[in-house]
Each structure stands twice: as structure tokens, then as C-alpha cells.
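Those protein sequences? They're chains A and B, same order as listed.
Mapping to my numbering: the first sequence position 275 is 1055, numbers consecutive.
Mapping to my numbering: the second sequence position 92 is 100, numbers consecutive.
Read the hints as simulated data drawn from the structure, not as lab findings.
Note that the structure is a prediction, hence the values are computed from the model and not measured.
Mixed in with the good hints, there may be bad ones.
As the list claims (entries may be wrong) - Distance condition first, Cα-Cα at most 30 Å in a straight line; then the derived DSBU-like pairs of lysine-lysine:
#1 Lys83/B - Lys1011/A
#2 Lys52/B - Lys953/A
#3 Lys40/B - Lys1007/A
#4 Lys911/A - Lys1094/A
#5 Lys878/A - Lys936/A
#6 Lys968/A - Lys936/A
#7 Lys953/A - Lys785/A
#8 Lys953/A - Lys911/A
#9 Lys907/A - Lys926/A
#10 Lys52/B - Lys1010/A
#11 Lys52/B - Lys1007/A
#12 Lys791/A - Lys823/A
#13 Lys97/B - Lys1010/A
#14 Lys1011/A - Lys936/A
#15 Lys862/A - Lys1094/A
#16 Lys1010/A - Lys953/A
#17 Lys1010/A - Lys83/B
#18 Lys83/B - Lys1007/A
#19 Lys1007/A - Lys968/A
#20 Lys33/B - Lys83/B
#21 Lys968/A - Lys40/B
#22 Lys40/B - Lys52/B
#23 Lys911/A - Lys927/A
#24 Lys15/B - Lys823/A
#25 Lys785/A - Lys97/B
#26 Lys878/A - Lys1011/A
#27 Lys1011/A - Lys40/B
#28 Lys1090/A - Lys791/A
#29 Lys52/B - Lys1011/A
#30 Lys19/B - Lys33/B
#31 Lys862/A - Lys791/A
#32 Lys15/B - Lys953/A
#33 Lys953/A - Lys83/B
#34 Lys936/A - Lys926/A
#35 Lys52/B - Lys111/B
#36 Lys862/A - Lys1007/A
#37 Lys927/A - Lys968/A
#38 Lys19/B - Lys823/A
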Amino acid sequence: MTKIKTQSLHKRHSELAQANRQLEILSNGIFREELPTFADKIKETGQFPLRPRALEILQINVGYMCNQVCEHCHVDAGPDRKEIMTWETMEQCLEVIKNTGAHTLDLTGGAPEMNPNFRRFVDEASKAGIKDFIVRSNLTIIRANKKYHDLPEFFKEHNVHVVSSMPHWTRGKTDKQRGDGVFDASIKALQMLNEIGYGMPESDLRLDLVYNPSGAFLPGDQSSMEKDFKKALLDDFGIQFHNLFAITNLPISRFLDYLIASDNYEDYMYQLVDAFNPAAVTNVMCTNTISVSWDGWLYDCDFNQMLDLKVASKVQHIRDYNEAILNDRNIIISQHCYGCTAGAGSSCQGSVA
Amino acid sequence: MSYYDPKDLRKFGDITQWSEELGTKFFDYYGKVFEEGALTAREKSLIALAVAHTEQCPYCIDAYTVDSLQRGVTKEEMMEAIHVGAAIKSGASLVHGVMMMNKVNKLDG
């Protein structure tokens, strides 16, 4: 069994902290000898080059700092990460938020709440009248420090849609992936959210959970998993939530490190390639999303952000944002993209096919 | 070298190549059996895992361990399922002891 690390790959000076090294691994080995590259695969199905549809989701990563060091984090987030979005960049984002055609604003991190300007940003962004305003909260942040205890109320005041990770309904599997004590703190935070109306059956206060597998296997059927999660969390803790998003772990960053260290890399890539589903390619999230990094650069998705694969467009930074120009681009792909097209597909909103 | 190669599991579908009709019928049946029905797909996965062990089929153990994990089955649940299979397997041996006892009683009672 692997023991959860307490430092990011960056802090440990791991070679896998470097995007180039990750891309090198993903482009060599079995992808030279045995398996088709993602580009070749979608050429076979007539889906190359991958092009955007209308923009629906603007996803902003406000910083890589986090109170947790989860085993499979694709951001390589942790307390030792100092990359935090400045107010100046947030102001540039706010200008975009006011004018975007996207119906969903999705704030992520790290723990987005740890950005010192988080509340000010949410306050301003919520005035733009975007239909769905998501904050990806890891739950434990709510219990981490007194100054965060009122976050549920703050979310409610701003009609924020809370999306939170929960790898399993049992303590053992959750803590194995996310660290000791995470399960108990998450349960407490979910109960606090439920108490003020989040996640209740008729409530408009949306509370969704994200499930990603605790090891080197793909997620099961999303609707079956949702039923199991709902039953277990209600029976054991009286907790309710709206939807479960089943997300596949992509072979980058700490999950790639885990796959290699546990000798699962090749088998996992075979699983992803074998489960390739062309229907998932059609709806893959990079076709309706723009991802903004803490320092304002633009990417096709959060994963490309972590691999430092900026959008292939004249417009590459939030200060120059132009939706029409951005939408006329080819999406950058590599072998990690198999993670979003396996089985029922995977996105930050769960299954796509 | 082992007789079993884990990579062969990926080739299971190839059996259809040498007998398309029977292979296709088998996989249609197999797929139907594991669909959600009166039993959930999760329950079926656990039954398959237990039977995989009583059959001592390495491919099936591989496949249904992964399948169980994908369905959120915990290791405690998996081990309990295997014990159910093992109990039936050992019980099936032991219950034949009655046959032995009957024979002894008839011949030498």
C-alpha cells in the first residue's frame, strides 16, 4: 500500500513536477511500440483535429495552494505551492466574466478559498449574473481553520454551486487517497452544508460530489455509483447531495507518479485505450471550456494547464481575451486525453457520453 | 514462463474469430447476464468474483477484482464474498463425508 506524501512533487524536486518530462513519458514507451497515439486514434474515427463548440464553461484556477496533499492530484497542489492569482489578474478575469457567452463559471484550485482575495472575487463575479457559479471546494477547508467556518453561509449568500470531491463513502478508501482525517472532516462539512439547505432534494442550493477512483482503475457507471453514494451517506451520516460526477484519473502529475511507482502505468494506459469511446470525444470538455491559470494564461482544459500546453491561438492570455478568436482554434492533445474519452467519458461535470 | 499471460485477457473477444456464431451468442449472453436486473450490477460483480475464486480462473479473478473496484466495492466486501465461495467449496467436499460414513456403516457397521 502506498503511503500518502505530505509534499507536492514540486517541493520534492521530482522530475515529474516538470510538464516536459510528463509529456515525454506520455509520448514514448508503449505509445511508440504498442498503442496508437491519441491523434492517430481520433484520425481513425474522423474526429481530428479536435475543434471547440460554443463556449459554455469558463474555468478559473485561482491558485495551486491547498490544505490537502491528495495522492492523485493532477494539479500537484498542496500547502507548499505558492502560485496564487493576484487581484490584478482577478480584475482581468472579472472583465471577461462580465462579457462572456459562457453560462457556467467554475472556480477551482488548489483550495480556491485559500486565495486571500477569494471572497472579494466571488462577491464581484456573482454580480455578473452568470447562470451557474461553481466553486470546487475540498470540504475540509471549511473545517481547517475558524476563519473558514462561515464558508457555507458565504456560499449560500452568493448562490454558489458547491462541487466537492469524495472518493468513497468509507473512511478507509477516502483517507487513503486524500490523507488521514479527511473523511471525518468532509462528513462534518457536508452536514454543515446540508444544515443550511445545500444538497437537499428540493433546494436550489446545489451540492454535487465528485468521485474519482482511489487507485489504478476506471470509474464505474456514474448513475449506479450515485445511488450507492446516496444510500451510504444517508444511512450512515444523514447526508444528502444532488448529483455525483464520476471522473477518470488522468495520467499526469501525481497520478502519473503513482502509476509509475506502483508499476501500473502500462496496464492503466491499456485500460484507457481499450475503453476509448468516440461518442465521448464529441462531448469532451475541452470543446466547451476555457481554462484560466493563476497567472492568467489560457488553456483548453485544466489538464493541459498542468502540462503547460497553452491554447493554440493568437489570444493566449486573459488580458487579451477574445472569445471569437479563441473559438477558432485546434485543441491541443496528447495521450493524457484518453482519460477523458474512456468508457462513458470524463469531464469536470462527470460522464459525457 | 507461465501458461497464463495477463495480456491474453484482452484477447478474449478474439475467440469469435474461429466460430463467429457461437462466440457472438456467448458474448451477447454474457453481456445480458451482467446487466442491471433483479440483482444490481454490483451484486453480480461480487458473485462473479466469488465464483472466479472457486473456479480458480486467473483471468476471471483479474477481471472481477477490477470490476468490483470500479463499482466501489470495498476490500472487506470482496474478501467476504470469497469466503462465501470458499465455504461452499469446502462444504461441498465435506458433505460427501456422509457418503463415506454410509459406505463404512454398510460394509463394516
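Going down the list of hints, with the structure as the test:
Distance check on the hinted pair: Lys83/B and Lys1011/A sit about 19 Å apart at the alpha-carbon level, within 30 Å; holds. The hinted pair formed by Lys52/B and Lys953/A meets the criterion: a straight-line CA distance of about 22 Å does not exceed 30 Å. Restraint check for Lys40/B and Lys1007/A: the C-alpha separation of about 21 Å stays at or below 30 Å, so the hint holds. Between Lys911/A and Lys1094/A the alpha-carbon distance is near 29 Å, which keeps this suggested pair within the 30 Å criterion.
For the suggested pair Lys878/A and Lys936/A, the alpha carbons sit about 21 Å apart, so the restraint of at most 30 Å is met. A threshold of 30 Å between alpha carbons decides the hint, and for Lys968/A with Lys936/A the separation of about 17 Å falls inside it, so the pair holds. For the hint linking Lys953/A to Lys785/A, the alpha-carbon distance of about 16 Å falls within 30 Å, and the restraint holds. Straight-line distance between C-alpha atoms of Lys953/A and Lys911/A comes to about 35 Å, which puts the hinted pair past the 30 Å bound.
For the proposed pair Lys907/A and Lys926/A, the alpha carbon gap of about 27 Å is at most 30 Å, so the pair holds. Of the supplied pair hints, the one linking Lys52/B and Lys1010/A holds, its CA atoms being roughly 20 Å apart against a limit of 30 Å. Of the supplied pair hints, the one linking Lys52/B and Lys1007/A holds, its CA atoms being roughly 16 Å apart against a limit of 30 Å. Our distance criterion of 30 Å between C-alpha atoms is broken by Lys791/A and Lys823/A, whose separation comes to about 39 Å.
Distance check on the hinted pair: Lys97/B and Lys1010/A sit about 35 Å apart at the alpha-carbon level, beyond 30 Å; violated. At most 30 Å may separate the alpha-carbon atoms for a hinted pair to count; Lys1011/A and Lys936/A meet this at roughly 25 Å. A distance of roughly 29 Å separates the Cα atoms of Lys862/A and Lys1094/A; the hinted pair therefore holds under the 30 Å criterion. Distance hint between Lys1010/A and Lys953/A is fulfilled; the C-alpha atoms sit about 17 Å from each other, no more than 30 Å.
The straight-line distance between the Cα atoms of Lys1010/A and Lys83/B is roughly 20 Å, inside the 30 Å bound, and the hint therefore holds. A hinted pair counts as satisfied when its Cα atoms are at most 30 Å apart, and Lys83/B with Lys1007/A qualifies at roughly 20 Å. For a cut-off of 30 Å, the pair hint linking Lys1007/A to Lys968/A stands: about 21 Å separates their Cα positions. The suggested pairing of Lys33/B with Lys83/B is violated, with an alpha-carbon distance near 33 Å, which exceeds 30 Å.
Under the criterion of a C-alpha separation no larger than 30 Å, the hint pairing Lys968/A with Lys40/B is inconsistent with the structure, at around 41 Å. The hinted pair formed by Lys40/B and Lys52/B meets the criterion: a straight-line CA distance of about 12 Å does not exceed 30 Å. Only pairs whose Cα atoms come within 30 Å are accepted, and Lys911/A paired with Lys927/A is accepted, the gap being roughly 28 Å. Taken as a hint, the Lys15/B and Lys823/A pair is honoured in the structure, with Cα atoms around 26 Å apart against an allowance of 30 Å.
Distance hint between Lys785/A and Lys97/B is unfulfilled; the C-alpha atoms sit about 42 Å from each other, more than 30 Å. Proposed proximity of Lys878/A and Lys1011/A is contradicted: the alpha carbons are some 40 Å apart, above 30 Å. Of the supplied pair hints, the one linking Lys1011/A and Lys40/B holds, its CA atoms being roughly 26 Å apart against a limit of 30 Å. Straight-line distance between C-alpha atoms of Lys1090/A and Lys791/A comes to about 24 Å, which keeps the hinted pair within the 30 Å bound.
About 19 Å separates the Cα atoms of Lys52/B and Lys1011/A, which keeps this hinted pair within 30 Å; it holds. A C-alpha spacing of about 17 Å is found between Lys19/B and Lys33/B, which places the hinted pair at or below 30 Å, so the restraint holds. Note on Lys862/A and Lys791/A: the hinted pairing holds, with a Cα-Cα distance of about 11 Å set against a maximum of 30 Å. With a CA separation close to 28 Å, the supplied pair Lys15/B and Lys953/A stays within the 30 Å bound.
Straight-line distance between C-alpha atoms of Lys953/A and Lys83/B comes to about 10 Å, which keeps the hinted pair within the 30 Å bound. For a cut-off of 30 Å, the pair hint linking Lys936/A to Lys926/A stands: about 18 Å separates their Cα positions. At roughly 39 Å between alpha-carbon atoms, Lys52/B and Lys111/B are farther apart than 30 Å, so this suggested pair is violated. Note on Lys862/A and Lys1007/A: the hinted pairing is violated, with a Cα-Cα distance of about 38 Å set against a maximum of 30 Å.
As the CA atoms of Lys927/A and Lys968/A are separated by approximately 16 Å, the hinted pair is consistent with the 30 Å bound. Of the pairs offered as hints, the one joining Lys19/B and Lys823/A holds, with about 24 Å between alpha carbons and a cut-off of 30 Å not exceeded.
Against the hints set out earlier in the document, violations occur for numbers 8, 12, 13, 20, 21, 25, 26, 35 and 36.
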